[in-house]
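**Q** Whole structure, please, built from the sequences with the hints as guidance.
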Amino acid sequence: MTLLSSSEQQQVAEAIDRIEQRTDAEVVTVLARQADDYRYIPLLWASLIALVLPGAVAYFSGGLALSELLLTQWLTFAVLAVVFRLPRITSRLIPRAVRHWRASNLARRQFIELNLHHTEGETGMLIFVSEAERYVEIMVDRGISSRIDNAHWESAVARFTAQVGKGQVLQGFLECIEACGEHLAQQLPATHERNELPNRLVLLN
1 MTLLSSSEQQ QVAEAIDRIE QRTDAEVVTV LARQADDYRY IPLLWASLIA LVLPGAVAYF
61 SGGLALSELL LTQWLTFAVL AVVFRLPRIT SRLIPRAVRH WRASNLARRQ FIELNLHHTE
121 GETGMLIFVS EAERYVEIMV DRGISSRIDN AHWESAVARF TAQVGKGQVL QGFLECIEAC
181 GEHLAQQLPA THERNELPNR LVLLN
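Residue 1 is where the sequence shown starts when you use the UniProt record's numbering, and the numbers rise one by one after that.
Estimated spans, in silico, between C-beta atoms of each pair:
#, residue 1, residue 2, range
1, A56, R159, 41 to 47 Å
2, R85, G121, 46 to 52 Å
3, R159, R39, 28 to 34 Å
4, I112, V57, 48 to 54 Å
5, F60, R109, 44 to 50 Å
6, G121, E154, 22 to 28 Å
7, V82, E193, 56 to 62 Å
Hints were generated in silico from the structure; no laboratory data involved.
Here a beta-carbon is modelled for each residue, glycine too, at the ideal position from N, C-alpha and C.
**A** Written as structure tokens, this is what we have:
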């Protein structure tokens with residue numbers, strides 16, 4: 001999994017610049033490789049299996065001495081803790097709800113850290129993507145939400161999410177920015193020239 005190249009990042013910045021010429025909104029884009037390292041997930045699964053599996057085997061096989069049972073549990077835990085840390089396996093162990101919860105939390109932190117809540121007229125918009133979680137979210141400040149219902153962004157998010165799943169992150173950004181720009185230009189047209197926040201794509205490795 002790779003983040004966008006310099007030339008691709010420039011295309012995103014140029015797309016933001018084009019729509020900001022037509023609206024008072026301040027649009028910021030963020031692309032995260034992964035919302036969390038989920039280090040606790042392999043340990044959690046290894047612990048649960050190590051507690052249950054040896055006991056079940058001992059029960060159905062006629063029993064083990066306490067020392068043998070404890071040793072088997074420790075060995076099971078040690079092996080699974082290593083195996084479950086393999087990226088392909090770890091990703092399958094993480095419930096979708098957990099992945100989306102972590103990505104959503106990161107999106108909210110970015111909204112605050114990038115000062116999208118401090119723009120003139122409260123017109124900040126964040127387009128957030130976390131690749132590993134295949135998660136897309138659009139967040140807007142009150143100056144936009146008071147004029148455009150959040151339902152207007154749902155189709156753009158759904159389309160972008162599907163593109164992330166196919167590895168079409170750049171195309172997803174460009175189309176999403178353009179789609180958002182159409183709504184913003186209609187409901188929040190430009191009244192004066194300003195550019196409070198940088199248009200560059202923010203990358204989180």
